[in-house]
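Protein chains in written order, with the numbering used here: chain A, 17 to 284; chain B, 17 to 284; chain C, 17 to 284; chain D, 17 to 284; chain E, 17 to 284; chain F, 17 to 284.
To be clear, the hints were calculated from the coordinates, so they are not data collected in a lab.
All values derive from a computational prediction rather than experimental measurement.
Keep in mind that a hint or two might mislead.
Identical copies go unnamed one by one, so any copy, or any two together, can satisfy a pair.
[To be verified] In silico lysine-lysine, BS3-like type, Cα no more than 25 Å apart, as pairs:
| no. | residue 1 | residue 2 |
| --- | --- | --- |
| 1 | K252 | K205 |
| 2 | K19 | K213 |
| 3 | K213 | K29 |
| 4 | K256 | K213 |
| 5 | K29 | K205 |
| 6 | K256 | K271 |
| 7 | K273 | K252 |
| 8 | K273 | K70 |
| 9 | K70 | K213 |
| 10 | K252 | K29 |
| 11 | K190 | K271 |
6 protein chains.
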Amino acid sequence: MFKHTRALQFNAKPDRPDPLMARKLQEALGGQWGEMTGMMSYLSQGWASTGDEKYKDILLDTGTEEIAHVEMISTMIAYLLEDTPIYEQEEMIKKDPSLAKVMGGTDPEHGLVHGLTAGLTNPNGAAWNTGYVTSSGNLLADMRFNVTRESQARVQVSRLYHMTRDEGVRDMLKFLLARETQHQLQFIKAQEELEAKYGIVVPGNMDDIQHSEYSHVIMNFSDGEGSRAFENQIAKDGQKFTYQENPEAMGGVPKTKPASSELHNDQG
Amino acid sequence: MFKHTRALQFNAKPDRPDPLMARKLQEALGGQWGEMTGMMSYLSQGWASTGDEKYKDILLDTGTEEIAHVEMISTMIAYLLEDTPIYEQEEMIKKDPSLAKVMGGTDPEHGLVHGLTAGLTNPNGAAWNTGYVTSSGNLLADMRFNVTRESQARVQVSRLYHMTRDEGVRDMLKFLLARETQHQLQFIKAQEELEAKYGIVVPGNMDDIQHSEYSHVIMNFSDGEGSRAFENQIAKDGQKFTYQENPEAMGGVPKTKPASSELHNDQG
Amino acid sequence: MFKHTRALQFNAKPDRPDPLMARKLQEALGGQWGEMTGMMSYLSQGWASTGDEKYKDILLDTGTEEIAHVEMISTMIAYLLEDTPIYEQEEMIKKDPSLAKVMGGTDPEHGLVHGLTAGLTNPNGAAWNTGYVTSSGNLLADMRFNVTRESQARVQVSRLYHMTRDEGVRDMLKFLLARETQHQLQFIKAQEELEAKYGIVVPGNMDDIQHSEYSHVIMNFSDGEGSRAFENQIAKDGQKFTYQENPEAMGGVPKTKPASSELHNDQG
Amino acid sequence: MFKHTRALQFNAKPDRPDPLMARKLQEALGGQWGEMTGMMSYLSQGWASTGDEKYKDILLDTGTEEIAHVEMISTMIAYLLEDTPIYEQEEMIKKDPSLAKVMGGTDPEHGLVHGLTAGLTNPNGAAWNTGYVTSSGNLLADMRFNVTRESQARVQVSRLYHMTRDEGVRDMLKFLLARETQHQLQFIKAQEELEAKYGIVVPGNMDDIQHSEYSHVIMNFSDGEGSRAFENQIAKDGQKFTYQENPEAMGGVPKTKPASSELHNDQG
Amino acid sequence: MFKHTRALQFNAKPDRPDPLMARKLQEALGGQWGEMTGMMSYLSQGWASTGDEKYKDILLDTGTEEIAHVEMISTMIAYLLEDTPIYEQEEMIKKDPSLAKVMGGTDPEHGLVHGLTAGLTNPNGAAWNTGYVTSSGNLLADMRFNVTRESQARVQVSRLYHMTRDEGVRDMLKFLLARETQHQLQFIKAQEELEAKYGIVVPGNMDDIQHSEYSHVIMNFSDGEGSRAFENQIAKDGQKFTYQENPEAMGGVPKTKPASSELHNDQG
Amino acid sequence: MFKHTRALQFNAKPDRPDPLMARKLQEALGGQWGEMTGMMSYLSQGWASTGDEKYKDILLDTGTEEIAHVEMISTMIAYLLEDTPIYEQEEMIKKDPSLAKVMGGTDPEHGLVHGLTAGLTNPNGAAWNTGYVTSSGNLLADMRFNVTRESQARVQVSRLYHMTRDEGVRDMLKFLLARETQHQLQFIKAQEELEAKYGIVVPGNMDDIQHSEYSHVIMNFSDGEGSRAFENQIAKDGQKFTYQENPEAMGGVPKTKPASSELHNDQG
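The shape of chain A in the complex, shown without the other chains (with noise of 0.2 Å):
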């Protein structure tokens, strides 16, 4: 269960309104890697485990973080609709031309359809969707989602802060960016710990069962010479990478049978 405190996490103000820096900011907030998938895989994950205590409060702990993110964002991308025109554009570029990139560029369904507050979508009006989320019961190949998530999005939070030079925009991107320093720490902790119990390779005890004469060849199927590189390497399990210069086709060529009539497969 959860309770909410109407204070923010952090600061969200900018120092003035910009609708571009607006519909950028949708991408942390509703975009593939933004911080509803972070919010929405953590709490899943939390809710899915069944294990060492320190792994679910660490999940819950963030996805609850997260929330407050999404806020946060969510009222920063108001702060920064704020003013917005909705017409009068034409005589307003003949004096500022600049302002065209402005009409341009803005997203015209933050004023349509939500009167200039947030959606929750990327910058191209995408719809968020749980297509993005991850939470599938093992918890190290969940645990490099997790590292994997908060990677690109303090990729992105980076992008953003150069893309503005707003002071309270950058503000609120400065934190995000340490939390997501902390974020990846943390997952990466718990990602090595994991791997320590349950080895390199998820998930562990199929090893006896796969194919291992394949588990470790590098297989050569561009005619690029760079992956070459890796030949002899020691990989984390301990074991030496080998390199197949022209992987051949085992498995020869599939003849299917043709259906039957019922199905009107008139395959020529």
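Place chains B, C, D, E and F on chain A using the hints.
Showing chains B, C, D, E and F alone in chain A's frame:
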């Protein structure tokens, strides 16, 4: 540019048809973490790469191999769907009630839409889409995604292995397990090299910019006590995690302005 | 069965082309609350109806009218896109910088995909989909949806009105505003009749089944004090709202079992 | 900002596992009108709110409660999936043919993708997406949406109630029914207050602009006679509905111009 | 503008309920190639048409007919769902194991979401969306789409015919088969006339612009020898196909520049 | 199985960067009719094929070529995005107002999400999805799809050609135009052979089953008179079209039963 050989990379022929297993294998083909996701992520990352040849090449090698995996699984699904009846169900079930499973559990679109061949969807018929794909330009962030992709996929292939006793299907799955071992290990190797070069936290060189006072604090937003276990542990960047029992709301209560009357935001 | 007449229900001709306004009008055509949503919701509800003829008929009347609105807006968009240049941009902008707005703000798919005619998307190019449609079988729940549809649509049409000065566009919007007034009012009328028959809370006759001790309690999960204003007010079903300052977690801490080893839920 | 407590808002434990019921409960979690839709709509509206505190607060209260409902249903689904076999099906069905139902009717992704825990989809595996969410800036339009959300959700929860005999599941559903009663009633109350302030037809103050000669006319586009029943009745705004037996096409036949040759609109 | 008549275009009443067939018929309603796709494609093309009246009219005629087909199939599905039990399953299956099929194979959303009436999805519950629709402005390209739509739809209707023995369902399918014959033939006729006017290759008059040395070469990228059969055959534009055994890569190895440091494309 | 060569099939290098053209080219990559759609449709059809080798082979040849086109266009987009500024916009626009176009019209996700390389979306950022792909098992129906795919794509490539003056971009487009000529012609050839074998109307051998009295009737559902032009013309199957001025509703008024009370279909 690509060339195709008709022979498959590995055997993809079941011992006997099984339309329910065909449906389940769609996850490995067109699910969030299926081969399509690997194929298009690695190829896109490879094409986008401007750096060290060895990374560009291993991405293109692996992306090209994944097209062959899409081919193998598509072929296997078509074999598993051979002879699936599309009618005569009542009569058949009366003779063998276990057939009711088949009637109820198969994907009706396998017959109706694809003439008993593979679709490019997951087992619930959701279209595969490029919202599953990642190519960010930041190679370390992408390598972390790739390790995740191979980990999630190998968990699913392991589950698929336990869902069948068909030795033909299992033979193919054992091969995929091995290749996903190799792909995990090669991407982990690349990831470690890139971490050595750019630092653990992605992206590098934003550390001076972020609000570093929040970059190593475990914030306790959930009443579980488990996350305290990380307190004072050493993060992978060499710094120590601190623990905040009761994180405060630092941002104040936001107060955005009402929008202009043209937006009809009648707010009460 | 349907018959079509070539003449439009109302004028749909602008005074002059305006590709940015064309883009914005896509919201009224293919957005979440656009005419497609009205058309397919009301027709589906009408076809599903098994009850009083007057509701079935008003749904089919209105659904049929909405096809004409889809037609009018599609026509208007095609007019607004007439003569939109697809090249010569640099030169033109140098002469008239305000044109940069047009170049940047138009939907590139209007030209590329539709040859400068309407698409069936929102202004951000997101495909309209039947996830926006509702037909539940419960007529009161659906009438509430219909009132909402007409309300959201009329808010958007009002905003569109303020976004243009073109008298031709405004003429059509004034007609849509009036029809959305009528549709709100007719669905509110139907809603009130159904409330009188089945009760305010949908669906009726579950009141004896629900845990009624929680059915009129305002629970205060946020630190704002505003919701206390509802305390002791009379709800529309005649009962009084109570207020719970600090709602407790009544459900205990859940503890699900670990899954079997075949699922590889390695949970730490 | 949010805090989480591990204890659930209410009991969410079934008497026994039932993977088919787990699948059906996904509707209440990740369907069009499920708890995710309530949670993100109310929170977004609350964050967007600039008006009367009582509305902002009730939205944030209720949005925060819905996170707890997402948590409860996710937990219930995980319980219901306990011990679901992922193989041994043939043998088991031969002993107990009624098991064929389970084999055929479960969601294969529950096991394959989520390790027998909840997903964030509907029962057909469609990803939940923010195309289901509404936050328009116009509070009355949004309150109407909220009443609809709670009505549709309560219809579905009522149907779910009849689909099971498990007393544990029913206990949770009885609680949800009560809360959805409260939420319907509170949003109806807010809606009525806003109607009293802004008028019945949303948005207010466009009445002088619209073509009012069409704002109270029931137009008969379908051959049913039922809609005539509304004729001369008094609409909620106090005016009388009129009835048009045979609405005419007032708009003339449109004639758009052919596009320039660069568009290759070869039209015959 | 449209008018609706309550009587259906053709019989749409089954001999008896069959919820599994109801599910399968959803393909013809809301699948990729279902009636919704025909309806919205032909209407959109008709509204976009600026050329010869006969093409505009046949598009509008057929688009209008397809609304009636959506109506017929929706009605048929509602009939097929009559009396579907939503509980009592265990007991019933014990008496008649063949019922397990029904329990497992029905769409749970038919009852839960639509109250046992039709949805606007395919049999796997995927929402129909306008990504299936085509209206390009180029009439020949669109006529080819239309011929394809009618061909794919008629294949599916033929398969549906073999999936049932219900004479009522079959009666409706026989009518749809006939109409899809007519629609194929009328669009083929239009296509041939447009080919006679504009040339076989769409769009016309780009032949002088294209690199014509590659416009009739069968390039052999796969090791099969089958495509050589086209060598020296006469293409429909009167020219001869040539065959390239081993197509070369003519484009050189690309070398894009690293992005600026603000993008954090750390590439190794 | 596939092998990759680093050299491109054809030149894919522009004369100079142009981020707006980069955005537009996304249509040819990740739009409904882009190269991804060709690639996955032809490969899927080829893998599904059980008939004449020449069709299987031409499908696999062409599908394999399309991967190279995906590669070429991805590369071109990356070149076009080189040096795109992600900030300094205000200052730059003041110097050169025509830059406002660029600022407003570029895809913000090109920089934010992909580090200025290609995404797998259309120009509006909609994710490519396999709802665009067709592989039905019926080869003639699929060849008609393939002809359509190449026709729609060539219309779009022609429009793209007119949207740029960059000779490098045009060089690549001229090559794609030629290949799409070849692909149209080869699929038309296959289509004609299959028509000769199976008949014009797809699928063959349902003619005795359909209600043939409706199989050649042009039904006039729209008040245009244009479609009468087809009357008495000879359809491609050798029969004559008839014309029905005023098609009647033959199906009667449907009357479905109310659902059981457990569904709460309160219908008034």
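task: Report the numbers of all earlier hints that the structure fails to satisfy, in ascending order.
output: 2, 3, 5, 6, 7, 10
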